[in-house]
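There are 2 protein chains.
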Amino acid sequence: MIRRLCIVGVGLIGGSLARALKAAGAVAEVVGYGRDPAQLQLAQELGVIDRGETDIAAALLGAEVVLVAVPVGAMEGVLRAMAPHLAADTIVTDVGSTKGSVVAAAQRAFGAVPARFVPGHPIAGTEQSGVAASFAELYHKRRVILTPLAHTAAAAVATVRALWQAAGAEVVEMEVRHHDEVLAATSHLPHVLAYTLVDTLARMEEHTEIFRYAAGGFRDFTRIASSDPRMWHDICLANRDAILKVMDSYAADLAAVRDAIERGDGAALLSIFGRAKQARDEFKQ
Amino acid sequence: MIRRLCIVGVGLIGGSLARALKAAGAVAEVVGYGRDPAQLQLAQELGVIDRGETDIAAALLGAEVVLVAVPVGAMEGVLRAMAPHLAADTIVTDVGSTKGSVVAAAQRAFGAVPARFVPGHPIAGTEQSGVAASFAELYHKRRVILTPLAHTAAAAVATVRALWQAAGAEVVEMEVRHHDEVLAATSHLPHVLAYTLVDTLARMEEHTEIFRYAAGGFRDFTRIASSDPRMWHDICLANRDAILKVMDSYAADLAAVRDAIERGDGAALLSIFGRAKQARDEFKQ
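Chains as they are written, first to last, in the numbering used here: chain A, 1 to 285; chain B, 1 to 285.
Everything labelled a hint here was simulated from the structure, so no lab data went into it. Everything numeric in this text was worked out from a predicted model, so none of it was measured. A portion of the hints provided could be inaccurate.
It does not matter which identical chain is meant; a pair holds if it fits inside one copy or across any two.
Stated by the list, open to error - Subject to a maximum C-alpha distance of 25 Å in a straight line, what follows is the list of computed SDA-like cross-link-like pairs (lysine to any residue): (1) Lys22 with Asp55; (2) Lys245 with Ala81; (3) Lys141 with Leu86; (4) Lys245 with Val78; (5) Lys22 with Gln278; (6) Lys141 with Ser271; (7) Lys22 with Thr126; (8) Lys22 with Ala267; (9) Lys141 with Arg223; (10) Lys245 with Gly216; (11) Lys245 with Ala260; (12) Lys141 with Ala87; (13) Lys141 with Ala268.
Put together the whole structure using the sequences plus the hints.
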């Protein structure tokens, strides 16, 4: 049982964890920090937090664990603001979608990454955002990746692991760089592709008609283009190198498919589409 | 009420229409044509067809309407086989995802596109295929596009329109070329992008791990990569020009996003992602 959890940024991700831990009886008190009193008020009315604070020192006071759940672009500023007010034994973890950038931000904010700082990333979310969209089951059976550094305290990792497990998640550990490469492939690239597709079509002359004749496949394919643009702008800038690498692989493969279509190379198309179907069908299971 | 409907190719698409028309009492008898007696037997056992024929002349005999529901790559061969056995007053329609190629196939198969041939395309389907996946509600509130030519008989169009309406669909008319451009954008391009993405990732060294950390967004985004590879191979070859055109627009836009990421141009990313989110949110409504 965590005595006092402070959630910095009470949105979909932080709010859902608070709900899950409360439902599981795994936390005694949840304090929410944010800049907008109205949002904190809403979070309190929804029962997500017990108390809201717009002053970071007051928010951190007496917290056993702090969950930083802000967009990765806001991470460094938030960590800098937290630094002077953190007790020596307070465990800090985050939920940023990119881990290299968060570790670098922590290094700059604290001088060195503290041993009690456990970088983390829950592989869960919806295209919604905000505390009103939060729900206790968001992490149920989802994976949470922790990327501790060599000097990260084992006890801090164990506490953060137990916290996510109490929310129903399966926790795994991974190196920072490896996390960023894997997520660039499975999450960041798909978002970039979906945003670009919807924008390409929206800028066509007959765009109203185009969307009118889109069916279920298109709806699923482009759902992630409804995600928060600022969050994904942050992620693209924060995980630039890994994203560029996988984008370049993808663009080369797409150019090869294009050329196969142009020269009417049915065998090449059948081979690519067939391999993809097989991989996707295996993934389903 | 159609007295006798012949379905050439009893799979998801043809089978679902047969089920819907039977449920609506809009057809007296459904005859299925196919090359595989086991599949026809299955279709009959499922109650999708009343009778199966592996001989095209026997299948077409006495049919008031013939629905050709075969992959677009098989269309010309099937129409050629049908041509000698079609009564002068039999209405023929199809469900091909590309209409320019089907009209060209009909022209070659019949010498000229018959006035009673009504090119059509139901904007419905799943990533499944085969008669076992068929269901009566597939076309409920979905759009069906008919692309009659200038000389197509109005009575034939009216019959085909009524048939789809009886299955619960909303029927619209469009020019052949316009259909092919719109569908290239909303359906063919997304399938090519999804197939390519899954193949790109599947060929990476750490592909098992990559798929392990893929979440819900990836699942939705790549669902269409489970579609039948041969069907989509056919579509890519049949609608080549329109697909290449929209692929080239997309590749240029993707390259611009890549460059914005590389040079850290947050304003450009925010503008593109924001426009896309707005368009996608409007589409949802």
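Between copies, within a copy, both or neither: which fits Lys245 and Ala81 at Cα up to 25 Å? Classified as neither: same-chain Cα gap 33 Å, cross-chain 50 Å, threshold 25 Å.
Intra/inter-copy verdict for Lys141 and Ala87 if alpha-carbon distance must be at most 25 Å: neither (33 Å within a copy, 60 Å between copies)
How would you label the pair Lys22, Gln278 (within, between, both, or neither) given a Cα cut-off of 25 Å? neither (41 Å within a copy, 35 Å between copies)
How would you label the pair Lys245, Val78 (within, between, both, or neither) given a Cα cut-off of 25 Å? neither (29 Å within a copy, 46 Å between copies)
At 25 Å max between alpha carbons, let me know whether Lys141 reaches Ala268 within a copy, between copies, both or neither. neither (38 Å within a copy, 36 Å between copies)
Up to 25 Å between alpha-carbons, please classify Lys22 paired with Asp55: within, between, both or neither. Close inside one copy (23 Å), not across copies (67 Å); limit 25 Å.
What label fits Lys141 with Leu86 when the C-alpha limit is 25 Å: within, between, both, or neither? neither (32 Å within a copy, 58 Å between copies)
State whether the alpha carbon distance between Lys22 and Thr126 is at most 25 Å within one copy, between copies, both, or neither. The answer is within: 21 Å in one copy meets 25 Å, while 40 Å across copies does not.
Given identical chains, is Lys141 near Arg223, meaning Cα to Cα at most 25 Å, within a copy, between copies, both, or neither? Both: 22 Å inside a copy, 20 Å across copies.
Between Lys245 and Gly216, at a C-alpha cutoff of 25 Å, which is it: within one copy, between copies, both, or neither? Answer is between: at 23 Å across copies they meet the 25 Å cutoff, but 31 Å inside does not.
Same-copy or cross-copy closeness of Lys141 to Ser271 [CA-CA at most 25 Å]: neither (34 Å within a copy, 35 Å between copies)
Treating 25 Å as the Cα threshold, decide for Lys245 and Ala260: within, between, both or neither. both (23 Å within a copy, 14 Å between copies)
In summary, the numbered hints that this structure violates are 2, 3, 4, 5, 6, 8, 12 and 13.
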